[in-house]
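Enquirer: Single-letter residue listing:
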Amino acid sequence: MAREEKRRDVVIVGLGWTGSILGMELTSEGLDVLALERGGDRDTVPDFQYPDVADELKYGVRYGFMQKPKNSTLTVRHNTDETALPYRHLGSFLPGDGVGGAGIHWNGHTWRPMKEELRLKSYVEEEFGADIIPDDMTIQDWGVTYEELEPYFDRFEYMCGISGQAGNINGKVIEGGNPFEAPRARDFPMPPLAQTLNGRMFKEAAEKMGLHPFPRPAANASEAYVNEYGMQLGPCNYCGFCERFGCLNYSKSSPQTCILDALKRRDNFSYRTHCEVLKVEKSEDGKTATGVTYWDEEAGEEVFQPADLVILAAYQLHNVHLMLLSDLGEPYDPATGEGVTGKNYAYQMTGGTSLFFEDINFNPFVGAGSNGYCIDDYAINQIDFAAEGFIGGSYISAAQYNGQPIRSMRLPGDVPKWGAGWKTGIKDWYGHSMSIGSHGSNMSYRDCYLALDPTYKDQHGRPLMQLTFDWKDNDIRMTQFMRRQIEPIAESMNPTSWASGYKKEGAQYDVRPYQTTHNVGGTIMGDDPKSSVLNRYLQCWDTHNVFAMGAGAFPQNIQYNPTGAVGALAYWAADAIRKDYLPNPRPLV
Amino acid sequence: MSTRDFKATRRQFMQGGAAGAALSTFARPLTAQEQAVPLDKYEAEYFEDAEWAFVMAATARLIPSDGDGPGAIDARVPVFIDRQMAGEFGQAATWYMEGPHDAGANPNFGYQSPLTPAEVYRGGIKAFDTWCQNELGGAFVDLDADNQDAALTALDSGDVPLDPELRDFFDLLLQNTKEGYFADPRYGGNHGMAAWVYIGFPGARANFLEWTDPSKDNVPYPLGPVSIAGERA
Chain A
1 MAREEKRRDV
11 VIVGLGWTGS
21 ILGMELTSEG
31 LDVLALERGG
41 DRDTVPDFQY
51 PDVADELKYG
61 VRYGFMQKPK
71 NSTLTVRHNT
81 DETALPYRHL
91 GSFLPGDGVG
101 GAGIHWNGHT
111 WRPMKEELRL
121 KSYVEEEFGA
131 DIIPDDMTIQ
141 DWGVTYEELE
151 PYFDRFEYMC
161 GISGQAGNIN
171 GKVIEGGNPF
181 EAPRARDFPM
191 PPLAQTLNGR
201 MFKEAAEKMG
211 LHPFPRPAAN
221 ASEAYVNEYG
231 MQLGPCNYCG
241 FCERFGCLNY
251 SKSSPQTCIL
261 DALKRRDNFS
271 YRTHCEVLKV
281 EKSEDGKTAT
291 GVTYWDEEAG
301 EEVFQPADLV
311 ILAAYQLHNV
321 HLMLLSDLGE
331 PYDPATGEGV
341 TGKNYAYQMT
351 GGTSLFFEDI
361 NFNPFVGAGS
371 NGYCIDDYAI
381 NQIDFAAEGF
391 IGGSYISAAQ
401 YNGQPIRSMR
411 LPGDVPKWGA
421 GWKTGIKDWY
431 GHSMSIGSHG
441 SNMSYRDCYL
451 ALDPTYKDQH
461 GRPLMQLTFD
471 WKDNDIRMTQ
481 FMRRQIEPIA
491 ESMNPTSWAS
501 GYKKEGAQYD
511 VRPYQTTHNV
521 GGTIMGDDPK
531 SSVLNRYLQC
541 WDTHNVFAMG
551 AGAFPQNIQY
561 NPTGAVGALA
571 YWAADAIRKD
581 YLPNPRPLV
Chain B
590 MSTRDFKATR
600 RQFMQGGAAG
610 AALSTFARPL
620 TAQEQAVPLD
630 KYEAEYFEDA
640 EWAFVMAATA
650 RLIPSDGDGP
660 GAIDARVPVF
670 IDRQMAGEFG
680 QAATWYMEGP
690 HDAGANPNFG
700 YQSPLTPAEV
710 YRGGIKAFDT
720 WCQNELGGAF
730 VDLDADNQDA
740 ALTALDSGDV
750 PLDPELRDFF
760 DLLLQNTKEG
770 YFADPRYGGN
780 HGMAAWVYIG
790 FPGARANFLE
800 WTDPSKDNVP
810 YPLGPVSIAG
820 ERA
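Which chain is which? The protein sequence lines are A and B, in order.
FYI, the numbering for the first sequence is 1 to 589, going by our numbering.
FYI, the numbering for the second sequence is 590 to 822, going by our numbering.
The following block holds chain A by itself, in its conformation from the complex:
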């Protein structure tokens, strides 16, 4: 029999970005809010402090801040004919655990989707005709428009403290920014980061080709900043320990640097760590949740936590898993196309070209998580999908994140991977390379989805989640299109040599190399309960006092890093809860 805790107004599952935001917003209403975090507590000091955090092996290679597959993982297969096998150690994507979640170890790339991406299916149909959408592609509109979300993008960017250059303020195109972005109400809160030589070389080359480079919007502070919660950021020092690390310098925006100390001061907020939620419990009529059952690791027992409102704010994969385990929404069936929970999993399509310059030393360890110049000339709203034969797009960038030598040792193709030739190669080329990368969309498909695995169990005896996913021709055509745009830019820079890596026809999804942690879908939002799990306010269609945050809501992936959209949706949902749901709890649509 589970121990039962005192009833709370709100229980939040997971204390990363969205859990922290909802914690602030709902405690502002005077509600008694409890967050449950399955990992440990974390703060800048002692967990990210210098010099201990500047440890490539521990954090960059052995994934010190990431989820441990022993405690939580999923199974993977390429198609429904295969038997899924466990993702036994991390590679392709790196979910966080602990307070702050993946919000501590990200690079800080903070984008808004294009307005066309938020109504992608309608945009494609209107511009190019429904017949260009492949039969097995299941793209949808989000059910919320860019115009509706604009104030919430703005709020997230000002809370986070983003360094950048606007390209379009209220319809006026601003020189030096991204001319293809949707209108924003005002500029970024801070000017762009300083740039490194590689980025400046790319900018110059792109301009010469008539393209439109702009600095990447960065959650790395370019100057001192105080946000709406009174939290302070200090200017980034280009330490080169951003991606996979917590920030030692109070510069990278994270729940710790932007929210948590303010939230912890509120008497009506509390949180418990090492408490993994096992299930959302439902009332007898199934129309509402009564609370959650979690595993209290310290006590070694199950606990029932009653609550009036349940906010799922775990990482995308874990929100989907929890909903499948809790019978929230009908599980998706790819054979019939019926059901919704687990539907439309999508990933991200990336590729890149490495450039080697024998006469240039880039000092590659001088890096920030989101510095660099980008172009959006081949973005979703700039491509004729009918002419090119695919739906999607990419932004293209040149950046310098770090020169950590285990992970960041780019070598020309003629350098052997071991032996005397390798040793000569690392001396010759460490510090002499840069890359131009393409970060692109990934569409959703009928047979790419999340379900419960029939064989493998987690440490609590629950079925692991099963991912069925593979690359599709449409998205491979997109990345090959980007290769054809990037290679001429690279050649125009006159490198000593260069080498490209883009997925080719027939490429299969490989869980080994790191790609991105931008898993999306599975708890998709929309305007029809038959084709979405959540309504436009991220409220469960079937269980009105459950709201689910995060990139699970995306009906297909955008061409950008997802955090900007995740943050804006969290503020959008919080606003609906505050203004509309709390005075009259009910299905909002």
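It is worth saying that the hints were derived from the structure and are not from the lab.
The model shown is predicted, which means the values in this text are computed figures rather than measured ones.
Incorrect hints may have been included.
Claimed, not checked - Some chain A residues well away from chain B (every beta-carbon gap over 12 angstroms; in silico):
(1) Val45
(2) Glu56
(3) Glu82
(4) Glu127
(5) Asp131
(6) Asn249
(7) Pro331
(8) Asn381
(9) Gly419
(10) Gly421
(11) Leu452
(12) Ile489
(13) Asp575
(14) Arg578
(15) Val589
Claimed, not checked - Examples of chain B residues lying across from chain A (beta carbon under 10 angstroms, computed):
(16) Asn723
(17) Asn736
(18) Tyr776
Where a beta carbon is used, it is the ideal one built from N, C-alpha and C, also for glycine.
For this one, chain A is given, so just place chain B on it according to the hints.
Expert: This is chain B only, laid out in the frame that chain A set:
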């Protein structure tokens, strides 16, 4: 290891006047690392004697000592690998290791062996040595350098038949060798931070804002590396 580049750039650096005080402690002698037990006296935590001899010999071919820059032996890479195998990584302590296992699955699904990395080393060394004996007339450690290179090349290209649960042996060995070469010296390898000095990585300095200035374009960073323990090289 080259000091030539450093001298040239140190002059530029001093002329620039920035952070010159940092140079006063630049030549502080190494302490803990200098006192490390010689490799031939090192008592392995995980490996048995023959396995230790293999790891010494194999890593010495993967990153040889001759030519410019330290080799794996100079960097004490075998010590790093031994400690990793005795620790969390070698024991797969954070990995999902529940069965059923399908060790021969499509490699795209990643590590599927029921064995821990430490067990893969143990089984892999044994199987590889048997192959060396049959094909090249001696255990790996007894071969000359050319034959050792040929044997490792065969292992790397999958030409040495291994049971599926051992198939990641070479990839683990090579990856761990590079990790031991470049990781912070606290893990037993990268002795004297020699691998960092060799390529020009400054270690845990972690503060470079002024080096984004265009006046520093193509100027090699002048300071040698520091370790997390504060040692300098």
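Enquirer: A separate judgement is required for each hint: does it hold in the structure or not?
Expert: Evaluated hints:
1. Val45: holds, 15 angstroms
2. Glu56: violated, 7 angstroms
3. Glu82: violated, 8 angstroms
4. Glu127: holds, 36 angstroms
5. Asp131: holds, 33 angstroms
6. Asn249: violated, 8 angstroms
7. Pro331: Per Cβ check, proline 331 of chain A is outside 12 angstroms of chain B; nearest 23 angstroms; holds.
8. Asn381: Nearest chain B Cβ is 32 angstroms from asparagine 381 of chain A, so the label holds.
9. Gly419: Contrary to the label, glycine 419 of chain A does not stay out of reach of chain B, its closest Cβ about 7 angstroms off (not over 12 angstroms).
10. Gly421: violated, 10 angstroms
11. Leu452: holds, 16 angstroms
12. Ile489: Since the minimum Cβ distance to chain B is about 20 angstroms, isoleucine 489 of chain A lies beyond 12 angstroms and the statement holds.
13. Asp575: Consistent with the label, aspartate 575 of chain A stays out of reach of chain B, its closest Cβ about 37 angstroms off (over 12 angstroms).
14. Arg578: holds, 40 angstroms
15. Val589: Given a closest Cβ separation of 39 angstroms, the condition holds.
16. Asn723: violated, 23 angstroms
17. Asn736: violated, 14 angstroms
18. Tyr776: holds, 6 angstroms
Of the numbered hints stated above, those contradicted by the structure are hints 2, 3, 6, 9, 10, 16 and 17, listed in ascending order.
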